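Engineer: Kindly produce the complete structure, drawing on both the sequences and the hints.
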Amino acid sequence: MRRSSLFWGSALILLSGLFLLKAIGVIQDDVLGYFWPLLLLLIGVWVLASAFLPRDTFVEEGQAFAIDLQGASEAKVEFNHGAGQIEIRAGAPSGQLMTGTKALSMDVSSKLVGGILEAEVNAGTTFVPFIGPSGGAWRFELNRDIPMTLEVSAGASNVSLDLSDLLVKYLSLEIGASSLRLTLPSRTESTFVEIEAGAANLEINVPEGVAARIRLKEGMTALKIDRARFPNLEGGIYQSADYHQAARRAELNIEAGAASVNIQ
1 MRRSSLFWGS
11 ALILLSGLFL
21 LKAIGVIQDD
31 VLGYFWPLLL
41 LLIGVWVLAS
51 AFLPRDTFVE
61 EGQAFAIDLQ
71 GASEAKVEFN
81 HGAGQIEIRA
91 GAPSGQLMTG
101 TKALSMDVSS
111 KLVGGILEAE
121 VNAGTTFVPF
131 IGPSGGAWRF
141 ELNRDIPMTL
151 EVSAGASNVS
161 LDLSDLLVKY
171 LSLEIGASSL
181 RLTLPSRTES
191 TFVEIEAGAA
201 NLEINVPEGV
211 AARIRLKEGM
221 TALKIDRARF
231 PNLEGGIYQS
241 ADYHQAARRA
251 ELNIEAGAAS
261 VNIQ
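Letter 96 of the sequence shown, counting from 1, is numbered 96 in my numbering, and no numbers are missing.
Calculated directly from the structure, the hints in this document are not laboratory data. From a predicted model like this one, the values you see are computed outputs, not experimental measurements. Check before you lean on any hint, since a few could be wrong.
[Claimed, not checked] Taking lysine-lysine pairs in the DSS-like style, the calculated list, with each CA pair at most 27 Å apart, reads:
| hint | residue 1 | residue 2 |
| --- | --- | --- |
| 1 | Lys169 | Lys224 |
| 2 | Lys76 | Lys224 |
| 3 | Lys76 | Lys102 |
| 4 | Lys111 | Lys169 |
| 5 | Lys76 | Lys111 |
| 6 | Lys169 | Lys102 |
| 7 | Lys217 | Lys169 |
[Stated by the list, open to error] Pairwise CB distance ranges, derived in the manner of DEER restraints:
| hint | residue 1 | residue 2 | range |
| --- | --- | --- | --- |
| 8 | Val108 | Asn232 | 23 to 31 Å |
| 9 | Asn253 | Ile116 | 36 to 44 Å |
| 10 | Gly25 | Glu120 | 47 to 55 Å |
| 11 | Gly95 | Gln245 | 30 to 38 Å |
| 12 | Ile13 | Pro231 | 56 to 64 Å |
| 13 | Gly25 | Glu194 | 50 to 58 Å |
| 14 | Lys224 | Gly71 | 42 to 50 Å |
| 15 | Ala258 | Val113 | 32 to 40 Å |
A virtual CB, placed ideally from N, CA and C, is assigned to each residue, including glycine.
Structural biologist: Right, here's the structure in full:
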């Protein structure tokens, strides 16, 4: 059974039931005033059910895809992911920028612009919250040998980014009520990272041999950081002692709201 059919079917039954109650005079006010709180309640029940039911209770259909490099020397990759679980890592074969599995409602596109291959994975307006394939997460593998910029936007998601074997020069992350596990590149000379997070749990791993400079703009943030590796310079700035001399380094700007941040 497709979980998308079950979710939206439940939502339509809920909405039609409210219109019926209004038609017979039980509800006097605007139907939508009741619908939105009940929809949030439905999503909450959906999340709990997804956590306790076996993964194969519902299976979202997926289709394997691949994006060819088309002779590009550089890439710009963008993921727009509404909700659910997403994993990004190295592993695409030579000659391909990306491989993965997409839902029927996902839109995957690419174009070559002056030697730069621009690729986008968009969840789409009909993508259903908190669903995934039988394995539990949408997985995408990128080419380890091509320099790239990576932009990820996610809502209520579980996001896992293992960039340790990728040549990511710039990473932009915008996440809402999410859980993030991020491993920074270990092969790139210089990586710039920007993270904007809401009520999120952030776990960031800086590989050994990579120096880092971290600027943290804190909201209601619980911070845990390896201060032996990243001493506090001033305010919300932490930096490796050998940052300016390091062969490989990363600069991170993190703006977090009601978040928990763990950097090791």
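Engineer: Hint by hint, say whether it matches the structure.
Structural biologist: Checked hints:
no.	hint	result
1	Lys169 x Lys224	holds, 25 Å
2	Lys76 x Lys224	violated, 32 Å
3	Lys76 x Lys102	holds, 19 Å
4	Lys111 x Lys169	holds, 20 Å
5	Lys76 x Lys111	holds, 10 Å
6	Lys169 x Lys102	holds, 26 Å
7	Lys217 x Lys169	holds, 22 Å
8	Val108 x Asn232: 23 to 31 Å	violated, 43 Å
9	Asn253 x Ile116: 36 to 44 Å	violated, 24 Å
10	Gly25 x Glu120: 47 to 55 Å	holds, 49 Å
11	Gly95 x Gln245: 30 to 38 Å	holds, 37 Å
12	Ile13 x Pro231: 56 to 64 Å	holds, 57 Å
13	Gly25 x Glu194: 50 to 58 Å	holds, 54 Å
14	Lys224 x Gly71: 42 to 50 Å	holds, 44 Å
15	Ala258 x Val113: 32 to 40 Å	holds, 39 Å
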